[in-house]
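Student: The chain contents come next:
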Amino acid sequence: MTYVKSTFRHPGLPKNELGYTVDYYEGSLSTLCAGCGHDGISAAIVQACWELNIEPHKVAKMSGIGCSSKTPAYFLNNSHGFNSVHGRMPSVATGANLANRDLIYFGVSGDGDTASIGMGQFVHVIRRNLNMVYLVMNNGCYGLTKGQDSATADAGSKSKAGSVNLFESIDLASLAIELGATFVAQSFSGDKGQLIPLVKAAMSHPGFAFINVISPCVTFNNNPGSTKSYDYVREHMETTALMDFVPIAREIKANYEEGSRENLTLHDGSVISLRKLEKDWDPLDRISAMNAVQKSRINGEILTGLLYVHPETTDLHEMIKTSDRPLNSLSESDLCPGSDALAKLNASLR
Amino acid sequence: MTYVKSTFRHPGLPKNELGYTVDYYEGSLSTLCAGCGHDGISAAIVQACWELNIEPHKVAKMSGIGCSSKTPAYFLNNSHGFNSVHGRMPSVATGANLANRDLIYFGVSGDGDTASIGMGQFVHVIRRNLNMVYLVMNNGCYGLTKGQDSATADAGSKSKAGSVNLFESIDLASLAIELGATFVAQSFSGDKGQLIPLVKAAMSHPGFAFINVISPCVTFNNNPGSTKSYDYVREHMETTALMDFVPIAREIKANYEEGSRENLTLHDGSVISLRKLEKDWDPLDRISAMNAVQKSRINGEILTGLLYVHPETTDLHEMIKTSDRPLNSLSESDLCPGSDALAKLNASLR
Amino acid sequence: MAINDFVVRFANVNGTGSASANALFTKAVFRMGVPVTPKNIFPSNIQGLPTWYEVRVSEKGHLGRREGIDLIVAVNPQSMKKDYADVHAGGYFLYDSSKPLPPGYVREDITHIGIPLMALCNAEYTDARQRQLFKNIVYIGALSALLDIEFAVLENQIAEQFKGKEKLIEPNIKALNIGVKYVRENFDCPLDIRVERRDLLGDKILFSGNSACGLGAIYAGATVAAWYPITPSTSVVDAFAKYAAKYRVDPETGKNNYAIVQAEDELAAIGMVMGANWNGARSFTATSGPGLSLMNEFLGLGYFAEVPTVLIDVQRTGPSTGMPTRTQQSDILLAAYASHGDTKHPLLFPASPKECFEMTADAFDLSERLQTPVIVMTDLDLGMNDHVTEPLAWDDSRRYDRGKVLTSEQLDAIASGSMNGNGRRTSSPGLPGRDGSDETAGEPLQQFRGKFGRYLDIDDDGIPYRTIAGTNATRGAFVTRGSSRDEYGTYTEDGDAYRRNVDRLAKKWATAAELVPQPHFYQEANAAKDGVIFFGTSIFSAEEAIGMLSEEGIHLDAMRPRGFPFSKRFRDFVSAHDRIFVIEQNRDAQFRSLIMIELGVDASKLVSVLNYDGTPITADFIYRKIKGNLAR
Amino acid sequence: MAINDFVVRFANVNGTGSASANALFTKAVFRMGVPVTPKNIFPSNIQGLPTWYEVRVSEKGHLGRREGIDLIVAVNPQSMKKDYADVHAGGYFLYDSSKPLPPGYVREDITHIGIPLMALCNAEYTDARQRQLFKNIVYIGALSALLDIEFAVLENQIAEQFKGKEKLIEPNIKALNIGVKYVRENFDCPLDIRVERRDLLGDKILFSGNSACGLGAIYAGATVAAWYPITPSTSVVDAFAKYAAKYRVDPETGKNNYAIVQAEDELAAIGMVMGANWNGARSFTATSGPGLSLMNEFLGLGYFAEVPTVLIDVQRTGPSTGMPTRTQQSDILLAAYASHGDTKHPLLFPASPKECFEMTADAFDLSERLQTPVIVMTDLDLGMNDHVTEPLAWDDSRRYDRGKVLTSEQLDAIASGSMNGNGRRTSSPGLPGRDGSDETAGEPLQQFRGKFGRYLDIDDDGIPYRTIAGTNATRGAFVTRGSSRDEYGTYTEDGDAYRRNVDRLAKKWATAAELVPQPHFYQEANAAKDGVIFFGTSIFSAEEAIGMLSEEGIHLDAMRPRGFPFSKRFRDFVSAHDRIFVIEQNRDAQFRSLIMIELGVDASKLVSVLNYDGTPITADFIYRKIKGNLAR
Ligand SMILES: Cc1ncc(C[n+]2csc(CCOP(=O)(O)OP(=O)(O)O)c2C)c(N)n1
Ligand SMILES: Cc1ncc(C[n+]2csc(CCOP(=O)(O)OP(=O)(O)O)c2C)c(N)n1
Ligand code: SF4
Ligand code: SF4
Ligand SMILES: [Mg+2]
Ligand SMILES: [Mg+2]
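Chain order of the listed sequences is A, B, C and D. Residue numbering for the first sequence follows this note's numbering, starting at 1 and increasing by one per position. Residue numbering for the second sequence follows this note's numbering, starting at 1 and increasing by one per position. Residue numbering for the third sequence follows this note's numbering, starting at 1 and increasing by one per position. Residue numbering for the fourth sequence follows this note's numbering, starting at 1 and increasing by one per position.
Keep in mind that the hints were calculated from the coordinates and are not lab data. Since the model is a prediction, treat every value here as computed from it, not as a measurement. A hint or two may mislead.
What the hints assert, rightly or not - Derived list of chain C stretches under chain B, where covered just means 3 residues or more per stretch with a C-beta under 8 Å from a C-beta of chain B:
{"id": "1", "region": "201 to 213"}
{"id": "2", "region": "257 to 263"}
{"id": "3", "region": "275 to 287"}
{"id": "4", "region": "392 to 406"}
{"id": "5", "region": "474 to 488"}
To be verified - Under 7 Å between C-beta atoms, here's a sample of chain C residues computed to sit facing chain D:
{"id": "6", "residue": "Tyr303"}
{"id": "7", "residue": "Phe304"}
{"id": "8", "residue": "Gly318"}
{"id": "9", "residue": "Pro319"}
{"id": "10", "residue": "Ser320"}
{"id": "11", "residue": "Leu333"}
{"id": "12", "residue": "Leu334"}
{"id": "13", "residue": "Glu493"}
{"id": "14", "residue": "Ala497"}
{"id": "15", "residue": "Asn586"}
{"id": "16", "residue": "Glu598"}
{"id": "17", "residue": "Ala603"}
{"id": "18", "residue": "Val607"}
In this text, a Cβ means the ideal position worked out from N, Cα and C, and glycines have one as well.
Next comes chain A alone, as it looks inside the complex (with noise of 0.2 Å):
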């Protein structure tokens, strides 16, 4: 492309504790719309990793084919990146993370990337807890192939081209705490201060962590009838919980009266704050929050917020009891049996 990135840093800017400021963390130049909801998810993604101190080049960032699947290029210019084909990032995603269990998997698709030709993908790697930030940048509709109803298009909202959408549509987020994903959590491209900390959360989320969220495609997806336009949004949104990471650990407390404050402590001790605001809400509840989904489905309503997390869980690396050092790291003599091994072997097969 033609486009320069200007390199102008304002000098005055914050250090992380690795002191790095949050522009080290930025990516190219974005060449998706302006005002794309998915460049604010970007935005969001790079504070999130400047606020947990990550070092870049120990994240991989995965993506399929869409302009949601462009970001990685926009993010993290030091982390390694496969922008792979359509719909099947989740098993690249998976292969990478058995080769290595030290990185952390950053996987980002859309809703066509992710609801029609990666459905099957997308079920079984939740299936196998493989530990991974799987974000969806969730338009109702096909972007880079110019705005068709993807199968997140919620059933009788108009496409760009016109056309009423008939179909059921799937909830991501309901469907993924139905298939047993252990953190499952939504939110909207537009509001910051509730995504940055549920990006830090899944990033911290010792296992598969699957954030769905809410991205307008201001081109093809913006007019009055969709269900994803901002305005659409903004009207239905309704938070469960207001947000604020706190780096200190606590104790996991499962059960609290409404109205208080509930601190859900994860794995690796950094802690989530939730402010409860129905009164039956549980977010470690599996039942209660597929009830509370589909509840909200029904009202034209869409929960943000962390929906549902199981802190302790198997990841496939446990699972399988692959050895604590990265599978790539092994050498001849890890893994050669060599020809001693051998010799008795051909004896056996006389």
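Model the placement of chains B, C and D with the ligands on the given structure of chain A, informed by the hints.
Tutor: Quick look at chains B, C and D with the ligands alone, frame taken from chain A:
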């Protein structure tokens, strides 16, 4: 195969309203293992079609690949069948149905064929509410490839190979309800009394009808460890309803007192009677159905019967407004705009 | 002085509404009766990146891309530098002079035409969006004066374009006039490159290949379309949908005599298409490279289970995601032999929107006649650009060839044929002939010897007889499968039965060679010792290059293949020449590979001319390559 | 009298435990030092259908399948009729005489050996299961007497087999004896076909190709295996799992130095493999035809994004589902050019379990050296049958070739290289050479001119340098993508950048030709005017047929290709001969197509010998075809 099926027919077999005896609905001799649950299901399908007075040539049998997917050759010899490719039966059935909405589409699949390679298509055929019966012969393993665990194998169950399955199993019935399927039933291959009415009800449902039938693989999945074995299933089965197919239309009641008898009138006027067992059981209430399945799962039970039905439903054809005449019956005169229209079009392109 | 012979390039920013304005320009030249060809060179992005629109005007009727820009409308700062360099000596550089040009824009060999587009629009319009949009119209107005385009022609186009929204007409005309006025006052118009009215186009039309494919499917009676969006094939189904809404809604019931399903991916799309065709409805899908790769397993099923399927592959630059908005002819080898095992698929190679229309229609007849997938191999250049093409034609007496499908009566006749033993029954219904008539007056029915066999080779052409579900209560039912089966459709693992079956498929392949569209030859009889082969969108530049060569006394016999497998006439052309240049738009000479594999000719005589950078091949390129080779 | 030269066929019912009993027989002959080769001919079904086991005993060491059965053990009523007919004149028909033979079994030209297997077992055993299982052991005992197999050898095998379950030894030995006793009493033993002890096998082993592939992956250091079950490839991963459990569990921690994931389908399997290889772990998958078709899109990504990938394709009879339990070599064309666009993939063709082991190991080195998918082309015959093969060998000094992977130090050196300007720094770390040593002592680093470029062709071999995630905090990061990019990995739609990139890939292809395993030549220097080419499992019968021909004075030069693309030595062999017979096990002469496409030779000199009915090719077949052609 060198098998030759005995052509001996019992002279005094009863005839149905069409004057056919039940053997008219049979298929070729099965090549499945002796005692395979799948053969029991084939027999139930034969019986159901005979009882429903169906013209076999008005049925199309669709399947993928697997022991289960071989069964279309073992029932309804006078129906066309399409034994397609692994995991892709739903798309083939969708096309067939679009071509001719007047036939009954009976899809047979396995748990590998549906829950693994076929998951994406399974999700989307539900979303389109294709008017078909989708029956999964669920044995928790890959029979034809010699017993590997499938995605429906319950965590903790042992495969013939002896390895313990580590992953959460996918509950197809629960998933189908979550995705908005309008007819979801569960049964057991050895329980004809329950299975035959369910198959009849499914064939009478005017939209997507899903039946998950636990069908033990006697060869690879019948060791004590497995939760899909005869013994295990028998022990843990809990029937939601006694069924009795009554071919006289009745008014539909949405709510009814516990212990009483509920008659659900299906779209074609036929009725299934349910005897309510649980206190707050309502087969018309999606959310309670989901919860019932979730709870039974937590209790390690398999809930059988008609879990959820939404009798008034809009199938794909109604949604996209296809003509009532089957598309495959339209001719040149219906389809070709002709040379005059073309001349006008040419003019508009100058 | 270049009359009706120059290239104009518009350099715009993607998503600024320049596309429709630039199209006005092309249409105006077209309506002045002068051959013109536009090429969109756009990014795989939605907004904000550079996009180019190249228009070649050619009195001689050369419709291929030409290198060297005579006039550029450079209104995109991102690409200005490169655009500036691309203008060839003596050319013109039209830019927005609202701001002065940055330093360095000091070429002596070109003429700078500065027009304060932004300033003019800001002065005229208040709304930001209008200021943006009308900038494009202003430079079109300016061009009309500079290049001597009849203003009335543009006025008419505006009037047509805004029929229904009349109040938009006046401001647009005004914008045109602003441009005209400014250049008239500041430059002497017209320039020495200009358009002069001619009558060179007769009743030709301006149409895109993808629209023509979509329309062809409508005319061929396709009722089911299943697809998954992918550039550059998306507009094929868009066109089908548009024309279906126009021609296929039942006036009484208001219901659709068609069904379109956006599938969840390409595997599902082709699965649906096979299901529909299997069940007797004409069905198709359209995709591009990545989709074709995903369809491999199903294509093998279609070949082996003998299920009709029509697939339109609008090729783009591969491999993998490659360059989704650039053109190439590089899916050929995969399409020809897609899927594991011994598989082969007929291919059609349209070279114009008219052929896109015809071959899409033919594809349905062929795939039902041959009971196998047929793939129409078009490309981004043909599909997404407008082309001057012959008017579309349809013979109302044409009947769809549904192939060898048995009716209920025929199935009964087959059965009774055995019962009453005798082999002649004049009463017996015939079998469907190519034109749908009862050409084969019944005898074949007797050859079933009383029992329908789905895979019997009754006519010794390798093509068996099919039945559709629901046809007959007791006869003709069978299970379609991708596994080996005997002549009666029964599953078998017998080696001989397998061999008989695949040998029959090979025979069917030979039958196909004479049924697919035959090559187009450029000479009555072969006259030269060397020949040239080209196909698809190489046609424009190839014809031009051949002309350039023959002007120098270098004569080549030319053949444009239109179908695969290759027929006897194709084979004869190849064997009749010592050396044959094969022009392709891919790196690996894939079409040449097909010639070698299928005809087993001496490869050394097949000389490749390969363009594969994603831009349409040019006549200069072909000329240079062939000249260079002949020189050796 | 045929000593050590006959074929025995066992006709059983699938799932009756005959497999292990029949294997006893093969192993016994093997242990008597006589060349032997067994072939399973089994159905795509789990229980109840006919299954055959053919064992050829050949003093001369001919290990291919041979037509004509000398002795058949016919214990399956379903297939008895055909089995009876297949015994050639003078042969023996062994059956269960507990019930009399049905009428019609009255051949004069063969000897009937009736043994009341069921009766004997019912008399001896009470448990139904035992009665079933021991029937098989009884006929093995009978054969040992009839064919003069040393009883002690069988006793040892039983002892080994039931080590740990000693109480099972005695009843098995008893069963053997029942068979021996019955035939000794009722027939004169041994027959005129028999086994005599020899020492013809040296230190050879009896092993299957799939087990060898799985073991090869272990030795090559593969740590991640992702797969989806499919016959006949499943046992490759089963073997990998078995050996991994044995050799790869950390003794201290008890944790696994490997990971195996059963994927949800083949697309996911190869996606995982690419992700793991991309991230620096050696990873592979195994599949068969249908899976290969599904992997097309990813294979194109691997080629274009240059991601190492090892794929083992155990070929079965296609197309589509075809005959899943029959053999063929018919995925060649698809594997070579899998995926849309201009794509090519190196292929390896093992012909023995030993080569399965070696080539699987080599595939990892090659795919990391070449940064591209490498496919091992084996087949059902090689993979699922035991073969007599040379003992496996491993050189402990061998180092894995991880290819051009830059370390953190090297990345820093590249950067500093520019800062201090000068091009020579002895301190600079070198780049990894083929043997993992620092062969290329540092200079190349300077050629980066201070900036790492993922797709720069530093060494002029078309192979760029890669970096692995997490290597260096500030250097070497880039985004891997299937779309077009410049030398520094930045997305671009520039035509020149695209061409530079794919031209480099073509150069890499040329480099690959000399790196893949070279052909095996059967002569020091070419001696004949005609040649023969064969590969993979055709080796056994091809060598035998060449022997038969040379006995008649017909001498052919022979070459067995082992890798694709083809090297100079391959090309030389082809050009050195007037006529070349190409032996393949597919219908469409797919390997011959590769020769034509890649070498552009005159196809008319390539004469195909094609067997494709799903059964392994025989020497007689090859002999007849070549002889017939030479006659013309
Ligand atoms: C196999 C394949 N099919 C189709 C495409 C074309 N394609 C590119 S992006 C896309 C959909 C993108 O939608 P989504 O994932 O929602 O991303 P968005 O652009 O909306 O952010 C499609 C269909 C492709 N690249 N590959
Ligand atoms: C693309 C593809 N991959 C793999 C296979 C091999 N295969 C055949 S059946 C089967 C699984 C069958 O399991 P399921 O669907 O549960 O049927 P079951 O045999 O258990 O009834 C597999 C993996 C195949 N035929 N096609
Ligand atoms: S098209 Fe939509 S999703 Fe794509 S970049 Fe533009 S606004 Fe974003
Ligand atoms: S293997 Fe299992 S599923 Fe397959 S036929 Fe046998 S019992 Fe049935
Ligand atoms: Mg989207
Ligand atoms: Mg199963």
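Student: Against this structure, judge whether each hint is valid.
Tutor: We went through each hint and held it up to the structure:
1. 201 to 213: holds (count 5)
2. 257 to 263: The restraint on the region 257 to 263 of chain C holds, since 6 of its residues have a Cβ under 8 Å from chain B and three suffice.
3. 275 to 287: holds (count 8)
4. 392 to 406: Satisfied; 7 residues make the cut.
5. 474 to 488: Result for this restraint: holds, n = 8.
6. Tyr303: holds, 6 Å
7. Phe304: Holds: closest Cβ of chain D sits about 4 Å from C:Phe304, inside 7 Å.
8. Gly318: Holds: closest Cβ of chain D sits about 2 Å from C:Gly318, inside 7 Å.
9. Pro319: holds, 3 Å
10. Ser320: holds, 3 Å
11. Leu333: It holds, given that the least Cβ distance between C:Leu333 and chain D is near 5 Å, below 7 Å.
12. Leu334: Since the shortest Cβ distance to chain D is 5 Å, the answer is holds.
13. Glu493: Result: holds, 5 Å to nearest chain D Cβ.
14. Ala497: Violated, because the Cβ-Cβ distance from C:Ala497 to chain D comes to roughly 9 Å (cut-off 7 Å).
15. Asn586: holds, 6 Å
16. Glu598: violated, 9 Å
17. Ala603: With a minimum Cβ separation of about 4 Å from chain D (threshold 7 Å), the hint on C:Ala603 holds.
18. Val607: violated, 10 Å
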